[in-house]
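These protein sequences, in sequence, are chains A and B. My numbering puts the first residue of the first sequence at 1, with every later residue one more than the last. My numbering puts the first residue of the second sequence at 1, with every later residue one more than the last.
Honestly, the hints are just simulated from the structure, not real lab data. Since the model is a prediction, treat every value here as computed from it, not as a measurement. Glycine included, C-beta positions come from ideal geometry on N, C-alpha and C. One should not assume that every hint holds.
As the list claims (entries may be wrong) - Covered stretches of chain A, going by a simulated chain B footprint (3 or more residues, C-beta under 8 Å):
{"hint": "1", "region": "22-33"}
{"hint": "2", "region": "61-69"}
{"hint": "3", "region": "130-137"}
Claimed, not checked - Calculated Cβ distances over 12 Å to all of chain A for the following chain B residues:
{"hint": "4", "residue": "Ser5"}
{"hint": "5", "residue": "Arg7"}
{"hint": "6", "residue": "Gly41"}
{"hint": "7", "residue": "Pro129"}
{"hint": "8", "residue": "Gly143"}
{"hint": "9", "residue": "Asp176"}
{"hint": "10", "residue": "Asn211"}
{"hint": "11", "residue": "Val238"}
{"hint": "12", "residue": "Ala245"}
{"hint": "13", "residue": "Ser246"}
{"hint": "14", "residue": "Met262"}
{"hint": "15", "residue": "Leu325"}
{"hint": "16", "residue": "Arg334"}
Said to hold, decoys possible - Sample of chain A residues lacking proximity to chain B, with all beta carbon distances greater than 12 Å (derived):
{"hint": "17", "residue": "Ile56"}
{"hint": "18", "residue": "Arg84"}
{"hint": "19", "residue": "Gln86"}
{"hint": "20", "residue": "Ala159"}
{"hint": "21", "residue": "Tyr176"}
{"hint": "22", "residue": "Thr225"}
{"hint": "23", "residue": "Ile268"}
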Amino acid sequence: MATVTIRDLTIEYSSGGYAIRPIDGLDLDIGDGELVLLLGASGCGKTTLLSALAAILAPSQGSIDVDGTDVTTVSGSGLTEYRRHQVGIVFQAFNLIASLTAAENVALPMLGAGQKRRTALDRAHQLLKRVDLTDRADHHPGDLSGGQQQRVAIARALALEPALLLADEPTAHLDYIQVEGVIRLLRGLASEGRTIVVATHDDRLLPLADQVVELSPRAREVRETRTLALSDGEMLFEQGDEGDFIYVVESGTIQLTRERDDASAEVIASVGAGQYFGELAPLFGLKRSATARSMGATTVVGHSPSEFRASVGHAELNRVIGNPLRTA
Amino acid sequence: MWLVSLRDLQWRRRRFLIAVISASLVFSLTLILDGLTAHIGNEVSRAVGRFDADGWVVSVGRSGPFTATRFLSAEAVDEVRSLPGVERADPMIAARETVDDKWINVLGYTVGGMGEPTRANAGRLPAGPGEALVDQLLGFEVGETIELGGNDFRVVGTSSDLSYNFGAPTVLLPVDEVQRVFLDGQALVGAVAVRGQQPDALPAGLQWMTNDEVEADMHLGMDQSLQIVDILNALLWVIAAAIIASIVYLSALERVRDFAVMKAIGVTNRSLMIGLASSSLLLAVLAGIGATILAFVLGPRFPIPVETPVGSYLTLLVVSVVVGLIASLAGLRRAVHVDPALAFGGA
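Using the sequences and the hints, build the whole thing.
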């Protein structure tokens, strides 16, 4: 069992020259033996968070405490020990080694930890029995179905009896019958008291969870229209904020900037009177991809997504999405 | 972690086999070149050593008994024999001839004297006029006839290890037969092989050469060729290393995700490095063994005898280990720098 405490976790990386912050100030508490689902769309930071929990990705700030150890500060042999004995990982694409048999794949962490080959293989066979794959022990991954490969991957993750099990999209490549097997297996492992964190966008797994963490930004439900008068340099919204209103400039100018990975700001557009901006984040539940700031005294009118949709119509909406900064 | 490396080699066995065979061929060429170089040195020593001489008397200004074309009068032999300290002195003549479009050496020696082989491998030694002892490299059988200088000689014996001058085969004739055929019967000799002490003074027009000087003289003109062989040898080592390195590096590139997974589950860089280096070493050592076998098979098919020294085989073993380790460096570097985060994400 493992207790996980995450505080003010921010993970930032560079993509195409821009700073991306999929996890921004996350706080999370996971109790002993809990099964936690990290739910969200692709790119919302589920795998990033799992990587940080596995001490593979160093966060920009914040802490991840696993059973009293801040894994963001471990290094060298401490890091190796953590990866070997405290955390087990089930990768999205199974990531079994093609040249090894199922039993050898399961034995791999034990061999890496210096155990004797015979001991490691005996234990691997026990684990394969546990995931009901005794008869496939000597098969290579290429001879196994997706579900069987996933169970081998789970057995491998359990090889050194980690207290914390991380599973990245464990149902992503499986049919519904195989999904059922994996669900049963994960639930069984959680029932034994192991702390399990599952990253998924598959909401069929929801009934499994003791706790669900939604990482996709949920657009704030806005219904009203609002008019805002901004002074020179005043910020309307910031890159990474959740999307709420779609704005139309009544007078003045709004400058849109995007943060580069060297902390400088790149001007991506200036929006003048009669033009609208900031529509994609509220329409698609995304984070704001730029910061909006007034250039001189500016007045903007914020519309809710439903109001905006109704006002522009379906055909126009598609043109808006394909060609932003259009005149309202 | 050797198990992972072993399984990977089995998994990619065709490519591994091709690499072993390719590196074996290259390594075997280095062994054969070593053998050729050694033979060229050995045949010179054998040719000189067969006379069991303590020194040689030649004309002043001529290069050496086996290489030059200036002659001494037959009386010079008697003069040398009479010098104090000289126990024995026998004449010799070295000439060149073509047989079956091949350059051969013709060596005249004193029957029963210095320069006579101890025995023939087949048949017997020449005992009189019209008889020749022929190098086995020429392919003659005892009883056949060989034409030298327009004269037929009966092959009474054949022997090995008679070649010199880059593996040129040699025919041994009594010295007076060489005079008859190649010097129109003139009483001239090429040099005098001397057993005993070096005389304090020699008759005018004669000079003394030690065995080392005679051998050095025979090597003149060959040194440049042997340097080329050494350079080719060095290039072959580089090619073998490149073959092994490319296979190991290619495998490392293909296994980037495997390395990332292994690192993510706590396998250390050290273990990865040991695994890759042992693959590379195994490849190199198997190539070394293959090269040894190939050298034994291919060596006898070369027109010049290949005498690969035992030391070359041992050197090959050591060098192949070093080559294997060096060749694995590129792959090691790739493996060490793999980001374990690569293990996450889709296929």
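Tested hints:
With 0 residues bearing a CB less than 8 Å from a CB of chain B, the region 22-33 of chain A misses the requirement of three and the coverage assertion fails. Counting residues of the region 61-69 of chain A whose beta carbon lies closer than 8 Å to any beta carbon of chain B gives 0, which falls short of the minimum of three for the stated coverage. With a threshold of 8 Å between beta carbons, the proposed coverage of the region 130-137 of chain A by chain B is violated, since 0 of its residues qualify and at least three are required. A Cβ of chain A approaches the Cβ of B:Ser5 within 12 Å, the least distance being about 9 Å, so the stated non-interface status is violated.
The claim that B:Arg7 is not at the interface with chain A is violated, since a C-beta of that chain comes within 12 Å of its own (minimum 4 Å). The non-interface label for B:Gly41 is consistent with chain A: the shortest C-beta to C-beta separation is roughly 48 Å, beyond 12 Å. Listed as a non-interface residue, B:Pro129 keeps its Cβ farther than 12 Å from every Cβ of chain A; the least gap is roughly 75 Å. Listed as outside the interface, B:Gly143 is consistent with that label: its C-beta sits roughly 64 Å from the nearest C-beta of chain A, beyond the 12 Å cut-off.
Its beta-carbon lying about 76 Å from the closest one in chain A, B:Asp176 satisfies the requirement of being farther than 12 Å from that chain. No beta-carbon of chain A is positioned within 12 Å of the beta-carbon of B:Asn211; the least distance is around 61 Å. No Cβ of chain A approaches the Cβ of B:Val238 within 12 Å, the least distance being about 30 Å, so the stated non-interface status holds. Non-interface status of B:Ala245 relative to chain A is upheld: no Cβ of that chain comes within 12 Å, the nearest being about 21 Å off.
The Cβ of B:Ser246 lies farther than 12 Å from every Cβ of chain A, with a closest approach of about 20 Å, so its non-interface assignment holds. At roughly 7 Å, the least C-beta separation between B:Met262 and chain A is not larger than 12 Å, which violates its mark as non-interface. Once the 12 Å rule is applied to beta carbons, B:Leu325 is consistent with being away from chain A; the minimum gap is 22 Å. No Cβ of chain A approaches the Cβ of B:Arg334 within 12 Å, the least distance being about 17 Å, so the stated non-interface status holds.
At roughly 5 Å from the closest C-beta of chain B, the C-beta of A:Ile56 falls inside 12 Å, breaking its exclusion from the interface. Non-interface call for A:Arg84 relative to chain B: violated, since the shortest CB-CB distance, roughly 3 Å, does not exceed 12 Å. At roughly 10 Å from the closest C-beta of chain B, the C-beta of A:Gln86 falls inside 12 Å, breaking its exclusion from the interface. The claim that A:Ala159 is not at the interface with chain B is violated, since a C-beta of that chain comes within 12 Å of its own (minimum 8 Å).
No Cβ of chain B approaches the Cβ of A:Tyr176 within 12 Å, the least distance being about 20 Å, so the stated non-interface status holds. For A:Thr225, the requirement that its beta carbon stay farther than 12 Å from each beta carbon of chain B is met, with the minimum near 41 Å. For A:Ile268, the non-interface assignment is confirmed: its Cβ lies about 28 Å from the closest Cβ of chain B, beyond the 12 Å cut-off.
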